Amino acid sequence: MSDESTGQNGLPSKKVLGLFALAMINVAAVLSIRNFPSMAVYGWSCIGWYIMGAVMFLIPISLAGAELATGWPEGGGVYAWVKQAFGEKGGFTALFCEWSNNLVWFPTVLSFIASTLAFALTPALANNPWYMFSVMMIAFWGTTAIAYFGEEASTKFGNVGVILGSIIPAVLIIMLGVWWMGSGQAIVLPPLTLEAMMPTINFSTLPFFATIVLLFAGMEMAGFHALETRNPQKDFPRAMALSAVIIVVCTVLATLAIAMVIPANQLNLASGVMQAIEYFFKAAGVPWLVAPMAVLITLGGVVSLAAWLIGPAKGLGIVAEEGNMPPLFDRTNKYGAPVAVLVIQAIIGSLVSLLYVFLPSVNQAYWILSAMTVELLCIVYVLVFASVIKLRYSQPNTPRPFKIPGGMIGIWLVGGLGIFGTAFAFIVGLMPPSYFTTSGLVYVGSVLLGTFLLAVPPLVFLKFKKASWLKPAGGER
Amino acid sequence: MSTYSRLEIGLLILLIMVVLLPFVLVLGIAEASPYYQITGEPVNDAAIVTGITVASVKDSTWNLPGATGGKTYVLTDKAGETVIVSTQSFDSAASRDAAVRSYNAQPVGRGKPVGSLVVLGQHLVYVTPANSDILKTLAPELKKRVSP
Chain A
1 MSDESTGQNG LPSKKVLGLF ALAMINVAAV LSIRNFPSMA VYGWSCIGWY
51 IMGAVMFLIP ISLAGAELAT GWPEGGGVYA WVKQAFGEKG GFTALFCEWS
101 NNLVWFPTVL SFIASTLAFA LTPALANNPW YMFSVMMIAF WGTTAIAYFG
151 EEASTKFGNV GVILGSIIPA VLIIMLGVWW MGSGQAIVLP PLTLEAMMPT
201 INFSTLPFFA TIVLLFAGME MAGFHALETR NPQKDFPRAM ALSAVIIVVC
251 TVLATLAIAM VIPANQLNLA SGVMQAIEYF FKAAGVPWLV APMAVLITLG
301 GVVSLAAWLI GPAKGLGIVA EEGNMPPLFD RTNKYGAPVA VLVIQAIIGS
351 LVSLLYVFLP SVNQAYWILS AMTVELLCIV YVLVFASVIK LRYSQPNTPR
401 PFKIPGGMIG IWLVGGLGIF GTAFAFIVGL MPPSYFTTSG LVYVGSVLLG
451 TFLLAVPPLV FLKFKKASWL KPAGGER
Chain B
1 MSTYSRLEIG LLILLIMVVL LPFVLVLGIA EASPYYQITG EPVNDAAIVT
51 GITVASVKDS TWNLPGATGG KTYVLTDKAG ETVIVSTQSF DSAASRDAAV
101 RSYNAQPVGR GKPVGSLVVL GQHLVYVTPA NSDILKTLAP ELKKRVSP
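Protein sequence lines correspond, in order, to chains A and B.
Quick note, in this note's numbering, the first sequence goes up one by one and the last residue is 477.
Quick note, in this note's numbering, the second sequence goes up one by one and the last residue is 148.
Since the hints were made in silico from the structure, they are not lab data.
Heads up, a few of these hints could be off.
Capping the alpha-carbon separation at 27 Å, the derived lysine-lysine pairs in BS3-like fashion look like this [unchecked claim]:
no. : chain 1 : residue 1 : chain 2 : residue 2
1   : A       : LYS282    : B       : LYS136
2   : A       : LYS282    : B       : LYS71
3   : B       : LYS58     : B       : LYS136
4   : A       : LYS466    : A       : LYS89
Bear in mind that the values here come from a model prediction, so they are computed numbers and not experimental data.
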């Protein structure tokens, strides 16, 4: 059952989201089976890395997101929050960075979806660019079509998909790990000690440290759905807490389960998640589960895609409705979906995917592009953490049903940790890997120029902004 | 039904161009890695030339279509740093590039993939960690083998 009220655009806005649905949006955006084998290679020290990621990012962003979402439960997520603190320029830039970093990420997640599905069918299909591109486009445009049918359809798909595609596979891996230990099979990890849990941090592992900071990126995703939330003040903090617990428990336990069963030298990171899953399930005596698992993980990839595809697009729809983008961008359909933004996003994403699949030897190029995604996300999060601090000073009396505890010390500690972690990740993100045929200067210049280009369009839109771009009350032009 | 002004259309085109520009630039700047046959064992040969110690070497075949086998080396230097380097050769450019795509499709969270993947002719060389003095030392020797 759904409530209906008038949204900020004057159009009816269905209040379909409760605690569970909000939490599942975050779980879909953050929980990824892809991370497990990559982290399992670190053995017990993955616990230390996860703790570091939780302390420097997951806990700060969950607390900051909860305070901002309950204090300013408006549509637009990071846009609404940063706009309150730093005005339209800041809010629009934060949102646009979140949206444009997706354009680099889309081909990778789509490629993951296609190659994982190929594993369930015939693995050799992954070598065929036409197969890859076809499946990628079906997944991309299919997810866009689900978003077209509005929040209710997206929520139903997301809820079912995240349980089937993310939570069940993670729980299955954990259960097999428990069975492995209980049945007296050999555990490939050395005995657990405090020292074994400590991550090695030195110059060589600095880039990985930056990766760890953004391991839990996406916890702010539920904030984009504030207008469709029945009781944002009450449900946002609880959804943040619930999703953080599900994500941490599933991630840590499933990673350890894999690390206990598969020797580190067999966890060949270049060869993929499904190869690790296959090894794991064969070792556990359930090889018949590999193909169904591939299908479930494929679904998990699609649900993750949907969460990131819909959230920032909704935010851009709100920006357009507020008159910061031309009317061309604020087209919504009868389901309330920002159809113009979704279509533009799908067209650009398809073009980038085309380059990704059909241009040969894109290895170094894609490394630079993934560095840009890190930089763009860091800009978003620095602005969010700075906003939560600034708003305590600029709007101290705005009611916040959830407040970061500890007064000003608490807010500086949480916001400061978040800013430190993401700013550090930004700087480290500029370090080229030791082997690069392109010179270091060209690498840094490319990453910075690309980041600038992907972050600057809001300033262009605001420069040309016209009063006539604002959607009149009632939603009709 | 409203019609769109030249400004709106212009801004839409500008948006698409600006957003696509970094992709075109980066794809243009980054050097391509053509597929060709390299004889010998490039990592082992580079380690010998640069004085890096090969602590152990094992045969390995990645579970990927088109992978035809390779080696996993444990390399150490005089400072005591250790890296694991895994090489794998592929039977075609298509299978090698599919493996590259697979690697790039596995970032940790929203970051980058773990380690570093180097393309050398028919080989893929996977090194973890991505930034190490050993890889820095090996890089000039490995680069000599890039481009036929």
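We went through each hint and held it up to the structure:
1. Between A/LYS282 and B/LYS136, the direct Cα distance comes to roughly 38 Å. Violation of the 27 Å bound is thereby established for this hinted pair.
2. As the CA atoms of A/LYS282 and B/LYS71 are separated by approximately 23 Å, the hinted pair is consistent with the 27 Å bound.
3. The suggested pairing of B/LYS58 with B/LYS136 holds, with an alpha-carbon distance near 23 Å, which does not exceed 27 Å.
4. Proximity of A/LYS466 to A/LYS89 is assessed by CA-CA distance (about 15 Å); at most 27 Å being required, the pair is judged to hold.
When each numbered hint is compared with the structure, a violation occurs for hint 1 only.
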